[in-house]
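Those sequence lines, one after another, are chains A and B. Residue numbering for the first sequence follows this note's numbering, starting at 1481 and increasing by one per position. Residue numbering for the second sequence follows this note's numbering, starting at 828 and increasing by one per position.
Take every hint as true, because none was put in to throw you off.
With beta-carbon atoms standing in for the labels, derived distance ranges:
#1 B/Lys1000 with A/Ala1771: 29 to 37 angstroms
#2 B/Asn898 with A/Gly1632: 22 to 30 angstroms
#3 A/Gly1569 with B/Gln1046: 55 to 63 angstroms
#4 A/Phe1610 with B/Lys850: 25 to 33 angstroms
#5 B/Gln990 with A/Gly1630: 50 to 58 angstroms
#6 A/Leu1609 with B/Ser907: 30 to 38 angstroms
Below, in silico cross-link-like pairs of lysine to aspartate or glutamate (EDC-like), each with a Cα-Cα straight-line distance of 16 angstroms or less:
#7 B/Lys1104 with A/Asp1714
#8 B/Lys1043 with B/Asp1031
#9 B/Lys1104 with A/Asp1633
#10 A/Lys1502 with B/Glu940
#11 B/Lys849 with A/Asp1597
#12 A/Lys1503 with B/Glu940
#13 B/Lys1056 with B/Glu1138
#14 B/Lys850 with A/Asp1597
#15 B/Lys846 with A/Asp1597
Read the hints as simulated data drawn from the structure, not as lab findings. Glycine is no exception: its CB is placed at the ideal position from the N, C-alpha and C atoms.
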Amino acid sequence: MKLFKKVPEMPSDDLSINRISKKTNAVLNLVFLLWSLACVLPLALVVIVSFSSEQSIFQNGYSFFPSEWSLDAYRFFFKLGDQLIRSYGITIFVTVVGTLFSLAITAMFAYVLSRSDYAYNRLFTLLMLFTMLFNGGIVATYMVNTQMLGLGDSVWALILPMSLNAFYVIVLRTFYKSIPLEIIEAARIDGAGEFKTFFSIVLPLSKPGLATIGMFTTIAYWNDWFLGMLYIVDQKKYPVQTLLWSMQNSLEFMKQSSANALEYAEMAANAPTDSGRMALTVLVVLPILLAYPFFQKYFVKGLTVGGVKG
Amino acid sequence: MKQSAKYAGGAYNKAGFLKTFKKNLPLTLMALPALIVMFLFRYLPMSGLLLAFKRFSVRKGIFGSDWVGLNNFQFLFQTSDAWVITRNTICYNVLFILMDLILAVAMAIGLSELLRKRRAKIYQTIFMAPYFLSWVVVSFMAFSLFSVDDGLFNHLLAYFGFQGVDWYSEPGKWPFILTFFQIWKTIGYSTVMYISSLTGISNDYYEAAIIDGATKWQQIKRITLPCLKPMMIVLTILAIGRIFYADFGLFFQLPRNSGPLYPATQVIDTYVYRALKETGNVGMAAAASLYQSIVGFVMVVGANLVVRRIEPDSALF
Chain A
1481 MKLFKKVPEM PSDDLSINRI SKKTNAVLNL VFLLWSLACV LPLALVVIVS FSSEQSIFQN
1541 GYSFFPSEWS LDAYRFFFKL GDQLIRSYGI TIFVTVVGTL FSLAITAMFA YVLSRSDYAY
1601 NRLFTLLMLF TMLFNGGIVA TYMVNTQMLG LGDSVWALIL PMSLNAFYVI VLRTFYKSIP
1661 LEIIEAARID GAGEFKTFFS IVLPLSKPGL ATIGMFTTIA YWNDWFLGML YIVDQKKYPV
1721 QTLLWSMQNS LEFMKQSSAN ALEYAEMAAN APTDSGRMAL TVLVVLPILL AYPFFQKYFV
1781 KGLTVGGVKG
Chain B
828 MKQSAKYAGG AYNKAGFLKT FKKNLPLTLM ALPALIVMFL FRYLPMSGLL LAFKRFSVRK
888 GIFGSDWVGL NNFQFLFQTS DAWVITRNTI CYNVLFILMD LILAVAMAIG LSELLRKRRA
948 KIYQTIFMAP YFLSWVVVSF MAFSLFSVDD GLFNHLLAYF GFQGVDWYSE PGKWPFILTF
1008 FQIWKTIGYS TVMYISSLTG ISNDYYEAAI IDGATKWQQI KRITLPCLKP MMIVLTILAI
1068 GRIFYADFGL FFQLPRNSGP LYPATQVIDT YVYRALKETG NVGMAAAASL YQSIVGFVMV
1128 VGANLVVRRI EPDSALF
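Build the full structure now, drawing on both the sequences and the hints.
Below you can see the structure in the form of structure tokens.
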């Protein structure tokens, strides 16, 4: 029977009678098609609105069929772009440094916890598991981070609090446990130290696991608006997601942070407020959308690795 | 294995402890960065929970502020807020858990039955996409639909001759809107989980069922669903363990901080944030936060105990 499952091109006759009818198939397809539209259309609307002229929005509202197309919203951002560039810079810095730092400490910690011959294995595993069950909550965390650790308004407040995820440690630890202890023993007999063993033998073997976790971490850092909203006081230092949030109510803030406030005053009268916000939304999702086709495969794989415990 | 037991036993006396420590030093150094981060950002913040029993003053700091006993809790539970936020958090989560369970299982079975497997893959990819958007982005998408003056819905309503709806000030609509977007964003993720456990069901069962003349519907009822049951139970119980925590982004971003919507959109997490950052009532925020941490802890531990009895492999501890 095992053989059958490995050769799906030759389904047994018994199974082909078991297919659903053409009619049921059509109904299912219709339902899924509608849900696909529900997933895609809101995003399409945002993109279309960002390319609509203010006049068109004034007349037709946010519409899939604007009466007039326009690049004003994007031009506005590029003209008064210093804030946008600064925010992008912060987000990119946080994403790159955060992901690398997070991967490094997670991988090393998970490896140590996977070693059953490590003396403090149980102690550290328990310490880590407890953080999954109980936490200080945002008030205590915010107060300690700003009052004791001095992280208020600092870019490190956007990186460090998110850098260790106990769940990823568990996933990676399970991954490492599948590496036979003999390989590690052999390296030791050859005179390799722990660090050398880890970096030259264990790490290369765990690339798929690291890729999956790295991908999740990258997206989490890119998508984070909460830490920016909580810790960053000076709006000039907002990451893009927080910048977008701050525009829920107005584009007013672009004025305060723009180096050329005079020029803004000129433009303010006809600033493309509505399409402007949508344009920023597009600029914020664009990298994720472009990368999505590539990472979604890893995502499915990562999920199936995820439901495990060592 | 034997070695580690010996060393662990040896840790009782000082010489043995030093020897063990030295032998394990390279690995300990490797774990050190994570341990420091864990201490600073997971354990140290717990000391801030003391604020629930204090009147916070910036000048005196966390430890120097004056004790006020249970005053903060008294204030919290005297208002109707405590009840409203607890009710909202729990009711929404129950609703989300049920909807997610039913829809994700239905979708997973539906996708796996499609005649063209390639199409199923494409659908799955599309359904998963919203999972990767931040709630800020989703809030702007929702705004393009619900905006009072420009929103697509109000324009459609006007087109068909109906009165526009003031979406952002009518709390009655929001249980539906919030549930829709929650499902919209997460259903793809849960569906994938169920699909991965569907592929683990042996074909033998189905072949035997066909020989016995079972219909498709009977097969789903008697084979597929029972085989998915462990996964359903585990995911549901783990979700129940998180029932005291709301998805902050959903409840904070989607309603765009609209005051009139608070009765339908305020949950523990948003209440705590607003008390902390908007009204500056640190004591009350800390009290609500501690209340959440403690009840949340009891729920998570309870849920895990239940999971451990049913599916030991899926329990956290």
